[in-house]
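Peer 1: For chain A, the structure is supplied; the task is to place chain B on it using the hints.
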Amino acid sequence: MLDPTFASALAAIVPPPALLTAPEDTRPYECDGLTLYREQPAAVVLPDDETQVVAILKLCHAARVPIVARGAGTSLSGGSLPVAEGIVLSLAKFRRIVAIDPSARTAIVEPGVRNLAISEAAAPYGLFYAPDPSSQIACSIGGNVAENAGGVHCLKYGLTVHNVRKVRAVLVTGDIVEFGADALDAPGYDLLALITGSEGLLGVITQITVKLLPKPALAQVALAAFDDVEKAGAAVGNVIAAGIVPGGLEMMDREATRAVEQFVHAGYPLDAAAVLLVEADGTPEEVAAEMAEIRDVLTRSGATEIRVSADEAQRLLYWSGRKAAFPAVGRISPDYYCIDGTIPRAALPGVLRQIATWSREYGLPCANVFHAGDGNLHPLILFDANKPGDRERTVEFGDRILELCIEVGGTITGEHGVGVEKLSGMCTQFAPEALERFLGIKRAFDAHGLLNPGKGVPTLARCAEFGRMHVHRGELPHPELPRF
Amino acid sequence: MNTTDSTLRQGLSEVTERLVRDYGERAVTSRAVREQHSHGEGLADAGMPDIVVFPQTNDEVASIVGLCNAARIPVIAFGVGTSLEGHVAALYGGVCVDLSRMDRVLEVNDADLDCRVQAGVTREALNAELKGTGLFFPIDPGANATIGGMASTRASGTNAVRYGTMRENVLGLTVVTADGRIVHTGGRARKSAAGYDLTRLFVGAEGTLGIITEVQLRLYGLPEAISAAVCQFADLKDAVDTVIVAMQLGIPVARIELLDDVQMDACVRYSQLEFEAKPTLFFEFHGTEAGVREQAETIESIAAEHGGSRFQWATAQEERSKLWKARHNAYYAALALAPGKQAFATDACVPISRLTECVLETRSDIAATGLVAPIVGHVGDGNFHLVVLFDPAKPGEREKAEGLAARASARAIRMGGTCTGEHGIGIHKLDALVAEHGDAIALMQAVKRALDPNDILNPGKTVPFERAQRRR
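Residue numbers (my numbering), protein chains in the order written: chain A, 1 to 484; chain B, 1 to 472.
This is chain A alone, in the form it adopts within the complex:
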């Protein structure tokens, strides 16, 4: 419950219906894309403009009320999970595309603009916005920046951090700060990179300048079938090692292909152990040359069948399965848990083999569908929450996959963020020395810890409780102490 004085001060800034306090009104905000965690906030505010955001933050700062900023609520790590005693600050009304400058190839947008809407608005100029998370029809650009979102085309065109020029944000104190610059480089510390992927812990984003790219004249996708998952994994490495940087390089295993085929009827080969989708884009000459090379590498890597899209409709059809993989898996299993680890590409075959072994051991099917070119795994563990013990075993299976990712030199999250979901994993991946820097930076921006508390960075106490000992490159901290 909100303190009445605070509640009336809040109502003076954002009067109803932009202020929701009744439990039935705040219910829709109790969770995001990670439905395992739920919490109802004390209030939800939907400001119209930046002036209101500033006033809200100043008020909350003075009263020490926690704030959770929220875009479209599609986070897969609980990034916008509310705090019971705090408010949710929704940026849903920040939906304007402020300007598109085709000569500078940039667009200035508000944080509530949907990812895909930017490319749609830029299309008349022959431009597009490259990062394309699979949820791009729904997710908002503000959330993309907060989570440093990726997508199928990030292999060639980079993550959100590579495609954002400038971010305007309101700090917890109500001060407005611009990060980055319109030019290639901004001087001083790279605070733009710091705020990108900071999961709403450092500021509330109110405006973003994104880079736009010229739409390639032609794109073609090759669909290659393999009779063995490890061979497909090795083929991914071979494509990259051949110096080819495809527009997209995605992999689906049999479990995923079968789920998807029932859903979209894209004509995927159902007998294949794994399918790779490899896209080439550019001018027609470049695409022809690159596609010939891709075909060659895939054949040498043991592909049993290669099909290349004949036209744009077929290309979109081949991609439709990949983009719809999550909902398709949702149809064949009561529940699924999506993992988001990233590993060096060369480790792919071994890690995939281990996941298959664990899947048998736990008796939990696992569909692999992922950004193979980046080494970004998305194993989907299928389970039934109503079956006793299924959920616990699923979480344990997922944790083991993430630990394996760290062990081979990777990370516990490639693009979904830490949120509430991976706080413990952070204790495993980062040594106390690094975690202390994270906490120091947080304090520099938000001394009272009011912005999105309990997310992103674990406290050292939590890590101590969790009892994970961090081992980096086989170097034990304090090797002089006797152990085990």
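Since the hints were made in silico from the structure, they are not lab data.
Wrong hints could be hidden among the right ones.
Stated by the list, open to error - A short, non-exhaustive set of chain A residues, derived as facing chain B with CB atoms under 8 Å:
#1 TYR37
#2 LEU191
#3 THR196
#4 THR413
As the list claims (entries may be wrong) - Some, not all, of what chain B presents toward chain A, calculated at C-beta under 8 Å:
#5 ASP110
#6 LEU249
#7 ALA338
#8 VAL447
Where a beta carbon is used, it is the ideal one built from N, C-alpha and C, also for glycine.
Peer 2: Then chain B, alone, in the frame of chain A:
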């Protein structure tokens, strides 16, 4: 002298003694070596370190920084001293950590296109080591800088238009923090959404947040075909407009360099090139045979529409090397225009749509001052440099030159750009940073305070902080 000062002095002499004892001949206090470590390649700045230490391991760097932190003694990291903005000057004395002996390439992962190097590896040494793997590290700021120095200043160079700057090419770091601890950031994964982006925070922090000791870098496959071409114009505006159109079309050119007629005149003389002293574009194309041909044809036709000459090709390795060597020696070529004069280089970067306007205004400004100041730059990124020549013996000329440079910074900022496309802030551009980034400076200071509460790491640079305030 007050007590604080005398305590600090006492601490310094203790630290110096300890370093000499621990590091023997790798801790040097001779004036010549200290002088050599007091400046980069820009104008000399006041400030010699009290001692120069040559560590060989991460642990050694950590223990040096730990000692200095305990005694509140400044620590300045040093690579090979190619900075142009006074990054390495020891403004408050202290310990210079010369990383040149940490020069091992630790691993090369061919299949993953990455490598890990110690900070003191130079970019040329790295590329020599990569020979035979079919891979290369493209970032090329001209000088044969160390990878650690390039990461610290977020260097870019002639081919950033295609391969990005150090921001895009550093995957992870090992950093010694102000409290003398070793922190690993990032890693070999191509992307990570875990925790704040410490890697990019340390990249470009100019040694003020930590000392970079190891760098994980992205590598690239050597392109199948490379060719370079030269195109000359009667008019500077036409040359710049050609670049803008090419960039708007998104042609993936590997390098585009603009040299104005003054710079071209200097390069023709200095490097014995057979070209005219006219505004000139140097291009380099990377890709498949077909791709390279197609890119070149498109750009040649754009250039022709703007009155450019036919392309003169340099396809053989030696011809290309000669061309780019001439470009890299632009600074020395400019110096040779007027023997006896001094020079400094400035750096400006604007959104590409404002490039023509910015270059032309700068050009008229140069003419109005009567100084010689060639323009040269990586214009594909909207980035260009002035090499401002002045006679130190002539009263008022240095001030005139500095005024020109300050106006160039202000102009770039006014046009939505920045005063530091790639050389960094160091000490020369602190004022411009304040002008450009007023509202974010308090945050930068807060970050500095969080990571280096005693202000021992390269004090007085990049972000004005307590010690600088104390001096005033």
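Peer 1: Work down the list of hints and note, for each, if the structure agrees.
Peer 2: Evaluated hints:
1. TYR37: 18 Å, violated
2. LEU191: 6 Å, holds
3. THR196: Result: holds, 7 Å to nearest chain B Cβ.
4. THR413: 4 Å, holds
5. ASP110: The hint holds - B/ASP110 has a Cβ within 8 Å of chain A, the shortest such distance being about 6 Å.
6. LEU249: Cβ of B/LEU249 sits 6 Å from chain A, so the hint holds.
7. ALA338: Violated. Min distance 30 Å.
8. VAL447: Interface hint status for B/VAL447: holds (5 Å vs cutoff 8 Å).
The structure fails hints 1 and 7 (numbered hints given earlier, in ascending order).
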